[in-house]
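There are 2 protein chains.
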Amino acid sequence: MLYSRLFGRPKKEAKKFESISHQLLTQGGFIDQVSSGIFNYLPLGKIVLTKIENIIREEMNNIGAQEVLMPALHPSSLWEKTDRWTSVDVLFKVKSQWGGEYALAPTHEETITPLAKKFIKSYRDLPLALYQITLKYRDEKRPKSGILRGREFGMKDLYSFHHDKKDLENFYQKVIQAYLKIFRRCGLTSVKITEASGGSFTKKFSHEFNVITPSGEVDLIYCDKESCSFAQNEEISQSKTICPRCQNPLKKEKAIEIGNIFDLGTRFSEAFDLKFVDQDGKEKFPIMGCYGIGTTRLMGAIVEVHHDDKGIIWPETVSPYRAIIVGLDLKEKPVRDRVFLVYEKLQNLGVEALLDDREEISPGEKFYDADLIGVPVRMVISQKTKDKIEIKGRTEEKVKLVSLDQLVNHFSFIK
Amino acid sequence: MLYSRLFGRPKKEAKKFESISHQLLTQGGFIDQVSSGIFNYLPLGKIVLTKIENIIREEMNNIGAQEVLMPALHPSSLWEKTDRWTSVDVLFKVKSQWGGEYALAPTHEETITPLAKKFIKSYRDLPLALYQITLKYRDEKRPKSGILRGREFGMKDLYSFHHDKKDLENFYQKVIQAYLKIFRRCGLTSVKITEASGGSFTKKFSHEFNVITPSGEVDLIYCDKESCSFAQNEEISQSKTICPRCQNPLKKEKAIEIGNIFDLGTRFSEAFDLKFVDQDGKEKFPIMGCYGIGTTRLMGAIVEVHHDDKGIIWPETVSPYRAIIVGLDLKEKPVRDRVFLVYEKLQNLGVEALLDDREEISPGEKFYDADLIGVPVRMVISQKTKDKIEIKGRTEEKVKLVSLDQLVNHFSFIK
Numbered sequence: 010m011l012y013s014r015l016f017g018r019p020k021k022e023a024k025k026f027e028s029i030s031h032q033l034l035t036q037g038g039f040i041d042q043v044s045s046g047i048f049n050y051l052p053l054g055k056i057v058l059t060k061i062e063n064i065i066r067e068e069m070n071n072i073g074a075q076e077v078l079m080p081a082l083h084p085s086s087l088w089e090k091t092d093r094w095t096s097v098d099v100l101f102k103v104k105s106q107w108g109g110e111y112a113l114a115p116t117h118e119e120t121i122t123p124l125a126k127k128f129i130k131s132y133r134d135l136p137l138a139l140y141q142i143t144l145k146y147r148d149e150k151r152p153k154s155g156i157l158r159g160r161e162f163g164m165k166d167l168y169s170f171h172h173d174k175k176d177l178e179n180f181y182q183k184v185i186q187a188y189l190k191i192f193r194r195c196g197l198t199s200v201k202i203t204e205a206s207g208g209s210f211t212k213k214f215s216h217e218f219n220v221i222t223p224s225g226e227v228d229l230i231y232c233d234k235e236s237c238s239f240a241q242n243e244e245i246s247q248s249k250t251i252c253p254r255c256q257n258p259l260k261k262e263k264a265i266e267i268g269n270i271f272d273l274g275t276r277f278s279e280a281f282d283l284k285f286v287d288q289d290g291k292e293k294f295p296i297m298g299c300y301g302i303g304t305t306r307l308m309g310a311i312v313e314v315h316h317d318d319k320g321i322i323w324p325e326t327v328s329p330y331r332a333i334i335v336g337l338d339l340k341e342k343p344v345r346d347r348v349f350l351v352y353e354k355l356q357n358l359g360v361e362a363l364l365d366d367r368e369e370i371s372p373g374e375k376f377y378d379a380d381l382i383g384v385p386v387r388m389v390i391s392q393k394t395k396d397k398i399e400i401k402g403r404t405e406e407k408v409k410l411v412s413l414d415q416l417v418n419h420f421s422f423i424k
Numbered sequence: 010m011l012y013s014r015l016f017g018r019p020k021k022e023a024k025k026f027e028s029i030s031h032q033l034l035t036q037g038g039f040i041d042q043v044s045s046g047i048f049n050y051l052p053l054g055k056i057v058l059t060k061i062e063n064i065i066r067e068e069m070n071n072i073g074a075q076e077v078l079m080p081a082l083h084p085s086s087l088w089e090k091t092d093r094w095t096s097v098d099v100l101f102k103v104k105s106q107w108g109g110e111y112a113l114a115p116t117h118e119e120t121i122t123p124l125a126k127k128f129i130k131s132y133r134d135l136p137l138a139l140y141q142i143t144l145k146y147r148d149e150k151r152p153k154s155g156i157l158r159g160r161e162f163g164m165k166d167l168y169s170f171h172h173d174k175k176d177l178e179n180f181y182q183k184v185i186q187a188y189l190k191i192f193r194r195c196g197l198t199s200v201k202i203t204e205a206s207g208g209s210f211t212k213k214f215s216h217e218f219n220v221i222t223p224s225g226e227v228d229l230i231y232c233d234k235e236s237c238s239f240a241q242n243e244e245i246s247q248s249k250t251i252c253p254r255c256q257n258p259l260k261k262e263k264a265i266e267i268g269n270i271f272d273l274g275t276r277f278s279e280a281f282d283l284k285f286v287d288q289d290g291k292e293k294f295p296i297m298g299c300y301g302i303g304t305t306r307l308m309g310a311i312v313e314v315h316h317d318d319k320g321i322i323w324p325e326t327v328s329p330y331r332a333i334i335v336g337l338d339l340k341e342k343p344v345r346d347r348v349f350l351v352y353e354k355l356q357n358l359g360v361e362a363l364l365d366d367r368e369e370i371s372p373g374e375k376f377y378d379a380d381l382i383g384v385p386v387r388m389v390i391s392q393k394t395k396d397k398i399e400i401k402g403r404t405e406e407k408v409k410l411v412s413l414d415q416l417v418n419h420f421s422f423i424k
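For the protein sequence lines, the chains are Y and U, in the order given.
For this note's numbering, add 9 to where a residue sits in the first sequence, where the first one is 1.
For this note's numbering, add 9 to where a residue sits in the second sequence, where the first one is 1.
Some hints here could point you the wrong way.
Pairs count within a copy or across copies, as identical chains cannot be separated in the list.
Calculated cross-link-like contacts (lysine-lysine; reagent style DSS-like; alpha-carbon spacing at most 30 Å) [what the hints assert, rightly or not]:
hint : residue 1 : residue 2
1    : K293      : K20
2    : K20       : K291
3    : K126      : K25
4    : K201      : K60
5    : K90       : K20
6    : K174      : K90
Since the hints were derived computationally from the structure, they do not count as laboratory data.
Chain Y with its partners taken away, still in its complex shape:
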């Protein structure tokens, strides 16, 4: 991509937002606020979001889940069946001028259960795991921290159906491992699995996946002893100060919830009278699980964790580009030709690169922008670098001079 054609270029003068991810993603030209809790994703932001979604998609497919797409408009009758039409306080409601009313879905138990009911007849149809990646809606009182808590946001939600509790528990453990892998692949290595209350969704306990960061909205009580993994959401920790597992003093920090999993029991299969005939010939309600990852929130959380005072530091797996080529002295034809030659070579190698070909911008501003948008590798080609290319990682101080052959070898090797 040529920087001169990229829509949504970095802005120096962006105003201050409360959270660092909101600030850097706006300044870097990844997102743009339309209204409180509602955002546009610009080309750079859309690429990052798609990369996150594809990592999630791969890991969902790996555990045998199948992708579907359910609507955001849910007839009110479905939510009345589960008694959630009036009890879920964040539900947006939409009237049709032709009669009838819809919920704008914050979650999809009300559509996945009747859908599953059309196809689940026998124990042979179980277990079943279905997921989707779509936009969700919550009428939050105070949307905050940019894309960390919005009124419209991206989410992957997975639902599973089982013939008994043990089968659910097996799958629940598989999902925990898949989630940890997803977060690792997105560059979040220290994720705490915590017990939490199920909120309005279920009366059972549930688990959250939390990343510790000062902009977090969850108060996390946890034990930082490496051999102990105790962690609880403060809501349910009853202000414990000593670890109930190892007696270590507990810590309290802000965290962002980036995933959650619920044992739904038979709450929804009963509400929709979804039954299957078990091996013993008896009709039973499948036991359900529900598992969410906020995709747009995850994008924000990655920035909260990976940045410095110069800007974002994208993990390579979700970076919008693998490398940025900063072209200087572009009015000199030999330099310009060389810049485009390197760009082409990288493209031919399948290395997604952003070429800063802007002529009216000073070298200082180009370096500033490259740091701000946080692509892992920066290359500089100028009159001064002659037939070499100056290369450095986003977090490195020292630059290296390499030949084009060395560069090609480097990227061929790590591909």
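Chain Y is already provided as a structure; the job is to place chain U on it using the hints.
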């Protein structure tokens, strides 16, 4: 994919729907109606939709358009600025319990224009073309024909910004070519470009892309002389009976609109006071174009055009799988092993195959289902086929017996 694990298997007993695409997509396990005009996309349907979206994405990128993602919730103030808050009769409206009201977007001029305004300053920022692939909402009085006219539906919308009319016209022509290519790649080769009125969107003329089919909702007046391409939407044709270009008698048929393009002029740039400084130093309003393709509707239109009395006939480019392997006599271990061997070979070749490994289903039913879901190539492996594989195209009558080597060669060659 193993058919025994696939969610949403074909149903023989599906009730009759008014349109053939609604009927076959439901029966085949591609879609499921949640409510009038609102659908679930099951795994098979989701794969087809993704393939269609990716074809569109490639062709949009090829003409230099950049992908963004805009929200469905639009603050009412944006729609008041363009006088469309009360004038667009299909607008769903959503109140927040915390104050404020939103439109549920049927189109995105109201967000793309203020977004573009933040970045377009000079003629050097033009032309600009941005697109997205998202869900859209229309409070239709009578949703009909399944996914051909829904209240919630998928759409690709592209918006372009130009410094003058000529530049818009150049790009408009590029989009026409890209659209024809997209439809061709999706298996729709005879698409008519017709003049239509701009509806509530614009007072200027616009163009529609129509596919002739009996379930269509548009009345198309056209000249079928090959050298003449005259076609008009009946709305504006004033009941012409003779071609104004070649004097041939005109025909009238039902058609489905699968794409449309509008010259928006400066209607929206003026409404949002979006200006740029032109080369002559003067401030001007960019001229805008808007270009849509209904992605879910396109999926329905493909089925309307490509089916027979046995089921769907997917064009290979959008088929959920390239081949279906029908395994018979699976209780015989040597046969079963061979079936899985062929399946694995195809997978290793990168050929997406569906393996009908269901044991409780009769051969007749398996053939029925294979025809219904419409995958381009059917292979049969049974006791009778011995070390050969029976192969035939979806629309062919005659089967061929081939060896595994021949099969592998076939797929290696056409890959």
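Okay, the hints, checked on the actual structure:
Proximity of K293 and K20 under a CA criterion of 30 Å is satisfied inter-copy only: 23 Å between copies versus 59 Å inside one chain copy. In the homo-oligomer, the alpha carbons of K20 and K291 lie at most 30 Å apart only across protomers (24 Å), although the nearest pairing inside one protomer, at 65 Å, exceeds that limit. Taking the shortest alpha-carbon separations for K126 and K25, only the inter-copy value of 20 Å comes in at or below 30 Å, while the best intra-copy value is 49 Å. When the C-alpha separation of K201 and K60 is checked against a cutoff of 30 Å, the pair qualifies only within one copy, where the shortest distance is 23 Å, while the shortest distance between copies is 37 Å.
Taking the closest pair of Cα atoms, K90 and K20 come within 30 Å of each other only across two copies (27 Å); inside a single copy the shortest separation is 49 Å, beyond that limit. For the identical chains of this complex, K174 and K90 are intra-copy neighbours only, at 24 Å inside a copy versus 55 Å across copies, given an alpha-carbon limit of 30 Å.
Every hint, counting from the list given before, is met by this structure.
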